[in-house]
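Could you put the whole structure together from the sequences, leaning on the hints where they help?
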Amino acid sequence: MARIQLVLPDADKDQFVKQARSEGMSLSQWLRTAAHERLERTHGSDSWSLRELESFFQECDELDGPENEPDWGGHLRALDVTDPTLT
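Under the working numbering, the first residue of the sequence shown is numbered 2, with each subsequent residue one higher.
Calculated from the structure, these hints are not laboratory results.
Incorrect hints may have been included.
Said to hold, decoys possible - Pair by pair, the computed Cβ-Cβ distance ranges are:
#1 Asp-11 x Ala-36: 17 to 23 Å
#2 Thr-86 x Met-26: 53 to 59 Å
#3 Gln-30 x Gly-66: 44 to 50 Å
#4 Trp-73 x Met-26: 49 to 55 Å
#5 Leu-40 x Val-8: 17 to 23 Å
#6 Gly-75 x Glu-53: 28 to 34 Å
#7 Arg-78 x Leu-40: 39 to 45 Å
#8 Thr-43 x Phe-17: 17 to 23 Å
#9 Trp-49 x Arg-4: 34 to 40 Å
All C-beta atoms, glycine included, are put in the ideal place defined by N, C-alpha and C.
Rendered as structure tokens:
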């Protein structure tokens, strides 16, 4: 396992240590966990959590729009598609 030296302002270090201890972790473990969470947010994943899916569909339900979905032809007309393979 690699070791790194990290330069932190004292106030940040104190806050990080306090938070790590409150979560039952060492500072090192807490920093690794935070870094992994940041990577996940940055790079994302192909799957969404249940909470994310529920939130997404709730937001979709709240959007203004027609009560019923248009049929496929309606979608094509809205997109002005001229490719005959799509009809």
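Evaluation of the provided hints:
Take Asp-11 and Ala-36: their Cβ atoms lie about 21 Å apart, and the range 17 to 23 Å holds. The given range of 53 to 59 Å is respected by Thr-86 and Met-26, whose C-beta atoms sit roughly 56 Å from each other. With their beta carbons about 47 Å apart, Gln-30 and Gly-66 fall inside the hinted range of 44 to 50 Å. Range check, Trp-73 to Met-26: about 53 Å between beta-carbon atoms, so the 49 to 55 Å window is met.
The given range of 17 to 23 Å is respected by Leu-40 and Val-8, whose C-beta atoms sit roughly 21 Å from each other. Between Gly-75 and Glu-53 the CB atoms are about 29 Å apart, so this pair conforms to the stated range of 28 to 34 Å. Taken as a hint, the range 39 to 45 Å holds for the pair Arg-78 and Leu-40, whose Cβ atoms sit roughly 43 Å apart. Distance hint for Thr-43 and Phe-17: a CB-CB separation of about 20 Å, consistent with the stated range 17 to 23 Å.
Hint check: Trp-49 to Arg-4, Cβ distance near 36 Å, so the stated range 34 to 40 Å holds.
Of the numbered hints listed earlier, not one is contradicted by the structure.
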